[in-house]
Structure formats: C-alpha cells, structure tokens
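A.B. asks: Keeping the supplied structure of chain E fixed, place chain H upon it in accordance with the hints.
In case you want the letters, here they are:
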Amino acid sequence: MNRPEKIDFIMAGVGGQGTILASDILTEAGYRSGYDVKKSEVHGMSQRGGSVESQVRWGQKVYSPLVEKGRADYLVGFEMLEAARWPAYLAPGGVALVNRYRIFPPAVNTGKADYPGEEEITRLIAGRARLVWWIDATELAAGLGHPAVAGVILLGAMANFLPVEEEVWQSVVQELVPPRHVDLNRRAFAIGRALTCPVPDSIAR
Amino acid sequence: MSKVMSGNEAIAYGAYLAGVRLASGYPGTPSTEILENLVRYPGICTEWATNEKVGFDVAVGAAYAGARALVTMKHVGLNVAADSLFYASYTGTEAGLVVVTADDPGMFSSQNEQDNRRFGQFAKLPVVEPSDSEEARRFTMEAFAISEEFDVPVLLRTTTRIAHSSSVVQTVEGHLPRTRRDAPPAEEKTSYRSGDHAFVRNPEKYVMVPAHARRRHPVVEERLQRLAAFAETTPLNQVIPGDADLGIVTCGVAYQYAREVFPTASFLKLGMVYPLPVQLIRRFAAGVKRLLIVEELDPFLEEQIRLMGVEASGKQLFSLVDEYNPERLREWSAKAAIIAGLDLPPVVPASLPGRPPMLCPGCGHRGVFYVLHKLKAAVTGDIGCYTLGAAPPLSAIHTCGCMGASIGVAHGMERVGVKDKVVAVVGDSTFYHSGIAPLINALWNQSPITTIILDNRITAMTGHQANPGSGATMQGEGFAVDMERMLRRVGFSLVDTVDPLDYDATLQTIKRHLETAEPSVVVARRPCALQTRFKEPSYLIDPVTCTSCGTCLKLGCVAVSKYGGTMAINQELCVGCGFCAAVCPQHAVKSSTGVAN
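Note that the protein sequences, when read in sequence, are chains E and H. Just so we're aligned, residue 1 is where the first sequence starts under my numbering, counting upward by one. Just so we're aligned, residue 1 is where the second sequence starts under my numbering, counting upward by one.
No lab work stands behind these hints, which were simulated from the structure alone. Just to be clear, a hint being listed does not mean it is correct.
Per the computed footprint, the stretches of chain E lying under chain H, defined by three or more beta-carbons under 8 Å from a beta-carbon of chain H, are [to be verified]:
#1 29-41
#2 48-57
#3 120-134
DEER-style ranges, computed between Cβ atoms [what the hints assert, rightly or not]:
#4 E:G117 to H:H464: 36 to 42 Å
#5 E:E118 to H:G565: 18 to 24 Å
#6 E:A142 to H:T516: 17 to 23 Å
#7 E:A113 to H:L320: 48 to 54 Å
#8 H:I240 to E:E167: 34 to 40 Å
#9 E:R123 to H:G471: 51 to 57 Å
#10 E:C197 to H:R282: 20 to 26 Å
#11 E:G59 to H:R181: 38 to 44 Å
#12 H:G61 to E:P92: 43 to 49 Å
#13 H:Y192 to E:G59: 39 to 45 Å
#14 E:D136 to H:V490: 57 to 63 Å
#15 E:A142 to H:G565: 25 to 31 Å
#16 E:E167 to H:R485: 58 to 64 Å
With a Cα cut of at most 20 Å, we get these calculated SDA-like pairs of lysine to any residue [claimed, not checked]:
#17 E:K61 to H:V239
#18 E:K6 to H:L344
#19 H:K376 to H:M413
#20 H:K376 to H:R512
#21 H:K335 to H:L320
#22 E:K69 to H:V347
#23 E:K112 to H:G354
#24 E:K112 to H:A391
#25 E:K61 to H:V4
#26 E:K112 to H:T547
#27 H:K3 to H:H175
Quick reminder that beta carbons are idealized off the backbone N, C-alpha and C, glycines included.
So here's chain E without its partners, still in its complex pose (with noise of 0.2 Å):
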C-alpha cells in the first residue's frame, strides 16, 4: 500500500458514543507505523450528550494538534448529522466514512426542526468527497450485543485505505479496549474490515 506524507482525519459524534477511545487507536495506529502524530479533543460540556469531535494527524512532522479546514483526508461521522457539520473540513476528494444511525437533537425532539435525510447528509458531505461510505455501524455492533463497539467497526472499515499493518491494529486494540472487551473489539473491527475495498479515483465519481 502507498505511504501518503500525511493523513488527518476528524472524528464526528455525540457525547458517550466513544469518539475518544476510537481516536486514542487511529492515534496509536499511526505512531506505531512510523508517523509523527497529534491527536486534539475536546472534554468538559461536550460530555452531556452534545456534539463531540476528535482530530487526528499523521505526517513525518505534525505542527498544528487541529486540522485545518480544507486539508482532512478522512471524515468519520459516529452519527449522521454530527457527519453533516464537518464537509468543509475535508480535502477535495477525501473520504467520509458514516455510520447509518441518527440521535436527535433536542430541537427535534420537541418538534422545532427536522432532522435531515440520508440523500441531504450525502448531498452535503459528497460537495467535497470523493466518496461517502455509509455503514451500519451500531446495527452491526448492536448485533455483536454491544452498540458501544461502533467506533471500532467504523475503524476496521477505514482500515483498508491505511498504511497499518494489520498486527498493529491486532496489538493497539488489545492494550487500549478494557481486557474483558478485546474478543469483541476484535470481532467488530473484523467486521468493519469487510464491509469496505479501496476504490480507485477514476471510479469514483
């Protein structure tokens, strides 16, 4: 697999839907296969069910802990709508990977406004991307009897467009998932796995 210079990605979710322990891996992830890398979240209010965000950069030399608008390779979107706020931080031809699965917002909830639709989140997040991977995240994970898992199927699904060997995904997962979970993480991230292939540019449009 070719090596980029550089890969950052932003994290998208609503609080408690483990945005954080995923981004610690692709952190991890990344080091371990030779990047410098710089990981930046946000802790505090963001708890409480509101909006969370997780960046991650690698390169051989990473300044600014935040990616900058524009540049991110990757979008991963841990819940529709949070994926829907983040297109103008993609690259031109990046890739967003979304987890088919919709938390409403109070707005909602009380009827003020409508939560957009899968083709509307497409139609946004595919103004920048060159392609949009919808997954069922939490489906899949609910299936393996723990939603929480979902972030590791997202990253199992990204995983087959990055330059990590696949035993240091094997070795991050196990030392950073609490050790009763490692079986099922290990399964979710399967699972992601083959959910997606790399897709040359020529067809993605």
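C.D. replies: For chain H alone, kept in the frame of chain E given last:
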C-alpha cells in the same frame, strides 16, 4: 523511548520526574487530568482541595517545608487563589513551587477567556508556556529548577489545545509514565511524610507583616531583573531560522498554527513568556524585514515588544477573541496580503439543528429545575452540570457568574426587595468550594432566601472527582462531611433533604421553604446518574391515554421526543428514573416492566 501523551499527562509525568512530593488542586477543565494522572505515581501526596486557594496554600506549606510542590487549576481558579499567589511571590519558598494555570481560549467549558499570562506580570512571577506535550514535560521540570534557582513560584500556563491534545513525549528508562490503567500505588498517606523536612524559621521572609513585606518588595523587583537576564539565554526561548522576509514571535499552541501557515518564516518561539528577553527580541527583529506577533487572546507579548520600540504587527491583524486555528490564521494573513489563501471549492451551505449538552437522562437536577420553573422563582445559579438548568425548556436559572456566586447574589436581590421568591441553587462541590461563607452571611443577616444544594455526591461536570461529601479521597475511601449536621449546627433551623426525582416531595418541600421568612436550605440529594450508571427498566408512553399535551417535553430529557406529532420514549436512552411518569397529567407514561412480559 517515547510515548503519545496528552499535555496534562505530560505535566504529571514531568512533575514526577522532577521529584514533586506534594500536589494539590481543584478540578477544572482543562486542568483536571494532571492530578488524576499524578496520583498513579509512587511517593507523591496527591489530593483534591476544597478550592484553588486552599490547594495553593497546601502547596505553599509543602514548599516552605522543603518539598517540591505542584498546584493545578483552571484559569478562573487562579482568581480564587490570587491572594495566595501574591503573598507567595513576596515570600518565595524553600523548595520548588509550580502553579499550573490552564486557560480556556474559546471557552469550551468556562465563563470567560481571561489571559492568565497577565498574572505573571501582575504578581511579578516567571511564566512558562509549552507548545506541545514534550514541552509540557520538559517545561514542568525546568519550572521547578527556575523556582528554586530564583526563589519564586513559577506559573506554568497551558491552554485547552495543549492540555487536551496528545503528541509524542520522550520517556526515561526506569521512570516510565503511568497510564489510566495503572491503579494508584497502595501507600499509606503517612509514607509521604519522610520526617526529614526541617521547616526553617525565617519570619522576615515568611511572615508578611508590613515591616517584612516592605523589605521583600525590593527583593521581588531585583528578582524580576535577574529573571529577565535569564530569559535572554534560557533554551526555553528558541530561534528557528528561516526566511529573513518574515519573522514571527509567538508562544504556546499559536506557534504550531503559525508553523503550518508560514512554513518558511523565521521564528522566535518564547517558552518563557514573562519576563521577556529584550535583547533577544531586538536582535531577532533586526534580522527580519517584517515582524508579526502571533498570540491567542490578549496582546501580552505585543504590548511589551512595542514598549521596547520594536515595530511589529499583531492584534491589528489577528483577533483578540476565541481560540486560534490554522484556518483563522491563514484567513487573517491572506487578508493582510502576507500569504495567499487556500483555494477551496465551495461546500453546499446547510442549516443544521444544533446539539447542545443537556442534563442526562436520570439526572436529579431535572426535578429541582422543573419545580422551580413551575413555581416561577427568581433563581441565581452557580457553576456545574446544573448550569444546564438555564437552557430551555427548563429555563430555571437566571444568573450564573462564577463559583460560589449564587448565594451572595440571591441575598443581594432579596435585600432590595425583588417581588419574586429568591432561590439560590448550588452544587455540592461548589458549596464546599465557596458556598459556605455566603450561606453563613445569609444566615447572619437573616435573609429569607432559600438555598437549594444540588447534592449528587460528586464533582460531576469535570468527570466525577470526589469532594468532601463523597466519602472518598483520590486514594479511595475516606471521611465524609455531614452536610445537614453542619448546616443545623451553624444555626439553620429549617433544613430539609429530598430526593429531587420524588416530584411531590420536592414540590411540597420547596413550596414550604419559599413561604417561610427565615433563611433555609433544601438538600436535593441524588447520586449522579452518569457516575452510578443508574439503569432501571425503561418507561413507555401509552398512545391511547396520551393527549400530546407536551408536559413531558418540558423536562428537557433527550429520551423523550415528539416526532411526527406523537410522544415517544427512546428505549435505549431512557434509564427508567420515572420522573416523566410522575409529572404526566394523563398518567400515560408507564414502566416497561410487565409490558414486556
């Protein structure tokens, strides 16, 4: 060897490597994880204090007694500890004292974005500021050395993007960093007390009566001169040569953004941001055609550099407000024609519903706010998760300024005779932090305000740190303060305790307190649902009985929704607290127990 660590993990690691013996502080985003990591290292007495000032004085005591000490807080916490900061500047300490101030540009979790570099200038102390995790480790160690060499407390200033960003840190063989997976070492607290610290009596230095303080002030001024000379040569300040056309003076995370946006420029990166190295800055400025100063928030470097008579551009181009990032810096620089902007295709414009944080399903605070909203009380609020009670639909907090403000503000309103019943709401941790003095003030002055202590037994907002009521310390089980006993003993005759999700009891109790003419306290006690992982069988809405009156939507619970005109409870999000069932006028909300069978 190296390891990816957050800035806060790296500060803890650096303090451990520097041989810190005592660490104290009060939880506050983005500083909290420093002590949470430090407690995992052996041989260090690590404690939460009731507030930042107390924590500061505890650290001063250790440092007076010859043990290196660390105290951590968020930026506004240093306002609370400021009195101590100023005396400690005059006295100096025997052993190193490092004060971490974690600023929050962008106000991710704060009431203001004050720039605490100014506290260094104000209290005449050195300020060091790392720009990544490796520097966070190194600068923490260096701060202890500076503190001892110059007999001065040192401010270590970080910001949210340093504290909560992760990058690669060099590790030391035999002293490897500890992680969240490492349990705190099983040490008796007494084992921290080596018994070898002789507290040397030196009243001229440590008793700040006017006669002594007058002799200390010239020492402070002379020390600042020596620190400025030190700043000229310390490797904390670093010149990174580049093109002579553009020179950039910068510090902290702004340096990282500037390196991205101006990849070929010359840099003077200041790791010691106060006092400044005047000669170094002049030499650097003389070697470049154009000088920019890139710093978040206040023109702190810029004001001093302009006073040196050096020509530079700073805040005329770059904002005073909000945190910086690469795209903002690029946009401002392109506008000033310093560089070209990025040429990006437009994105599809979208107007998407926001997702603000809300009180969790099962949160006890909801019960109190629902009742206060119903009773139309004037409610002064305080700092914590419960500040979310200000948001619609509960809309039941009408002021919130800083830690401990609620009770004093309520008393002031009552004194001038507002026509509403005045209620102060304060969390348990905030009550112990700075609520006791204003509550005693209200009692002393016989103010008929009602104070409601929202007691969830933990400091929840910052991630569940123990407080004096929790019955635990950082090391595990411990003493628990008996809140009601304390209140009755100081003289409150009306003190009631309710479970805030017991709707009828909460409504009746608060009503009774509002009607009484004496100062009174309601303790609304229910352990934090998030921390205890509260989960009971979920509730359902019977569509036949439901009249879509919308009462349940007024609770601001994310599990309850109206979609397509009908009410529904999300079975995954509902934790079964039953409060919506208690308020439903149609009795249409029913437990799922029994339904499923």
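A.B. asks: Take the hints in turn and mark each one as holding or not.
C.D. replies: Comparing the hints with the structure gives:
1. 29-41: Since three or more residues must qualify, the claim that chain H covers the region 29-41 of chain E holds, with 7 doing so at under 8 Å.
2. 48-57: Result for this restraint: holds, n = 4.
3. 120-134: The restraint on the region 120-134 of chain E holds, since 4 of its residues have a Cβ under 8 Å from chain H and three suffice.
4. E:G117 to H:H464: 36 to 42 Å: 38 Å Cβ-Cβ, so the 36 to 42 Å window holds.
5. E:E118 to H:G565: 18 to 24 Å: With Cβ atoms ~22 Å apart, the hint holds.
6. E:A142 to H:T516: 17 to 23 Å: violated, 52 Å
7. E:A113 to H:L320: 48 to 54 Å: 33 Å Cβ-Cβ, so the 48 to 54 Å window is violated.
8. H:I240 to E:E167: 34 to 40 Å: holds, 38 Å
9. E:R123 to H:G471: 51 to 57 Å: 54 Å Cβ-Cβ, so the 51 to 57 Å window holds.
10. E:C197 to H:R282: 20 to 26 Å: Cβ of C197 (chain E) to Cβ of R282 (chain H): about 60 Å, so the range 20 to 26 Å is violated.
11. E:G59 to H:R181: 38 to 44 Å: violated, 28 Å
12. H:G61 to E:P92: 43 to 49 Å: violated, 59 Å
13. H:Y192 to E:G59: 39 to 45 Å: Since Y192 (chain H) and G59 (chain E) have Cβ atoms about 43 Å apart, the given range 39 to 45 Å holds.
14. E:D136 to H:V490: 57 to 63 Å: Between D136 (chain E) and V490 (chain H), where Cβ atoms are some 59 Å apart, the hint holds.
15. E:A142 to H:G565: 25 to 31 Å: Since A142 (chain E) and G565 (chain H) have Cβ atoms about 28 Å apart, the given range 25 to 31 Å holds.
16. E:E167 to H:R485: 58 to 64 Å: holds, 59 Å
17. E:K61 to H:V239: holds, 18 Å
18. E:K6 to H:L344: Given pair K6 (chain E), L344 (chain H) holds - Cα atoms ~19 Å apart, limit 20 Å.
19. H:K376 to H:M413: holds, 15 Å
20. H:K376 to H:R512: holds, 14 Å
21. H:K335 to H:L320: Between K335 (chain H) and L320 (chain H) the Cα gap is close to 16 Å, so the pair holds against 20 Å.
22. E:K69 to H:V347: holds, 11 Å
23. E:K112 to H:G354: Given that 20 Å is the threshold and the Cα spacing comes to 11 Å, the pair holds.
24. E:K112 to H:A391: holds, 15 Å
25. E:K61 to H:V4: holds, 14 Å
26. E:K112 to H:T547: holds, 19 Å
27. H:K3 to H:H175: Holds, at roughly 13 Å.
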